[in-house]
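Chemist: Each chain, written out:
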Amino acid sequence: MKIHDLSMPIWEGAGYGEILPVTNSPVRFVEYLVYERHGLRRTLMKLDGESGSPFMTPSQNLPFSAVPLQPNPKYQWSLSEIPLDRLVLRDTTILDVRVAPGHEITAAEIDAALRQADYRRGDEVLLRTGWGSRERAYAMGLDYYKQTPCLHYEAGLRLAEQMDAMDSSLFMTDCGLVNPPRVQGHNWFLGDTPLVPLPKPWPSAEARERNIDLGGRTHASAEPSSYGAIIRKAIAGCKCLVDCEQIAGGRCKMIVLPLLIRDGGASPCRFFAVEE
Amino acid sequence: MRLLELTMPLDYQWMPDELFPTATQFMLAPRGDPEKGITVGTESGTSLLLPAQFAAFRRTRRLHEVEPPALVLRETAVVDLPCDRREPIGQDRLAAALADADFRDGDALLLRTGWGDGAPREPGHDAYLLDTPHLGLDGAAYLAETMSRRHSNLLLLDTALVGYPDQHLLPEWTTLRPRPLCWPSEAARAYLAGYLEREALADWAADFRLAEAGVMTVKRLVNCGAIGERRCRVIVAPLRVVRGIGSPCRVVAVEGTPT
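Note that the protein sequences, when read in sequence, are chains A and B.
With our numbering applied, the first sequence covers 1 to 276.
With our numbering applied, the second sequence covers 1 to 259.
A hint or two may mislead.
[What the hints assert, rightly or not] Not the full set, but computed from the structure, chain B residues with beta-carbon under 10 Å of chain A:
#1 L4
#2 R31
#3 V72
#4 E199
#5 D207
Simulated from the structure, these hints should not be mistaken for lab results.
All C-beta atoms, glycine included, are put in the ideal place defined by N, C-alpha and C.
Input sequences plus hints: build the corresponding full structure.
Modeler: This is the structure we're talking about:
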């Protein structure tokens with residue numbers, strides 16, 4: 001049995017916490033017991049529900065708001081309500097869509113990948129582009145997210161339909177963002193009027209202004225959300241997985257364990273692929 | 001295959017483990033709040049701590065370096081040690097319990113005292129921490145020696161603490177009235193300014209002894225009474241913190257053959 005770790009590491013200043021104004025706030029560590037003074041270490045870790053490789057339920061803003069990101073989601077479990085057997089040793093199909101940096105995956109490319117995949121009823125889905133790697137994330141910083149492959153809306157719809165038909169409930173990908181960066185970062189780091197220099201994220205003054213402008217939406221683009229299409233049909237959406245190339249075959253079993261936050265909506269998560 | 005949740009939920013309204021100034025208050029904050037997101041400490045809730053938590057072992061592996069087989073589907077022996085409140089677990093009790101367990105080379109060890117199932121964890125109680133059974137120093141030394149001999153380096157406990165900080169933290173901090181808040185309160189800052197290496201190592205001597213033997217520890221398991229077999233596999237999933245020395249974690253027991 002081989003076990004592969006597909007989890008994006010967490011470190012202070014990681015790009016995923018710096019690229020967007022509101023949805024993913026920065027990772028900060030406060031060391032309050034330190035080796036040289038106390039002989040041991042203890043750390044306060046300020047994270048976000050989208051830090052690292054996140055696990056995000058449809059009602060991502062739980063426990064503070066039960067309103068789902070999209071109306072009428074198929075599943076409405078909070079983190080502490082998801083049965084363990086929906087998270088541990090889940091049969092998973094790998095959808096391989098090898099594309100260039102920045103490419104927006106199309107519905108036709110999803111169809112082609114579905115034809116190639118060994119996709120069985122009840123499988124979870126791991127969309128593998130080859131983009132996600134620790135080394136790339138460490139080296140590229142914010143560009144890791146600006147240049148990530150992603151899903152065009154039509155592709156998101158197509159995949160959501162298939163997942164619904166096949167009783168799949170977990171969507172995982174090694175893309176840095178599911179929505180195109182031009183959508184997710186519209187008029188923040190891309191778009192018609194990106195902000196230069198790029199402001200710090202929440203709780204900066206600029207991020208607060210953006211939050212006012214968004215009025216509860218997750219991005220400023222008029223284009224629909226490909227992530228939104230998928231999350232309507234899933235227990236959770238999971239992005240920023242890394243090093244998925246370790247999986248040799250087209251199938252594996254996934255162990256997916258977010259923090260057990262009572263009534264929580266999203267959390268950093270560990271992803272392990274198990275191959276016989 | 002049977003899956004069992006052994007993790008104490010992280011509760012944004014109240015956690016039973018935030019008594020000491022060395023603990024961080026677990027917080028969730030909503031969109032629009034300056035602290036939006038998740039604030040956790042190294043040992044919030046069910047947590048994994050590596051030997052590198054101590055300066056003496058800071059050159060040993062960190063969280064991002066722990067290979068998956070050390071934590072995932074790890075063969076585990078369940079050791080039954082029913083304990084009274086505040087009982088220090090010593091060498092004799094451990095030797096007897098280990099003799100009854102099916103402990104094999106390379107196993108992780110899960111010490112089941114029953115505290116994680118029956119202890120008071122309701123808001124307002126501090127008994128979960130103060131009254132927890134714990135390893136005595138001779139018990140920790142015995143475990144360290146025995147586990148080293150059996151090539152075992154992962155110890156899981158259903159107690160609130162591994163050792164018991166009765167040299168300084170208990171007499172000096174828990175007697176303060178009204179009870180100060182944990183980190184990052186001003187009172188915690190003030191106390192930790194004088195809580196130096198000598199005091200810390202005196203309080204956490206049992207933890208240090210295990211770290212010296214290279215043992216990773218997971219504490220604050222719950223629901224261990226649901227494990228029906230003498231052996232199981234455990235999955236321990238901490239945050240993958242770069243150069244981290246410990247983290248809250250999710251712990252799941254797998255009974256039967258993983259399928």
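Chemist: Would you mind marking each hint as holding or not holding in the structure?
Modeler: Here's how the hints hold up against the structure:
At about 8 Å, the closest approach between the beta carbon of L4(B) and any beta carbon in chain A falls short of 10 Å, and the interface hint on this residue holds. Taken as an interface hint, R31(B) checks out: its beta carbon lies about 6 Å from the nearest beta carbon of chain A, inside 10 Å. About 5 Å separates the beta-carbon of V72(B) from the nearest beta-carbon of chain A, less than 10 Å, and the hint is met. Taken as an interface hint, E199(B) checks out: its beta carbon lies about 8 Å from the nearest beta carbon of chain A, inside 10 Å.
A least Cβ separation of about 9 Å between D207(B) and chain A falls short of the 10 Å threshold, and the interface hint therefore holds.
Checked against the numbered hints listed earlier, the structure breaks none of them; every hint is satisfied.
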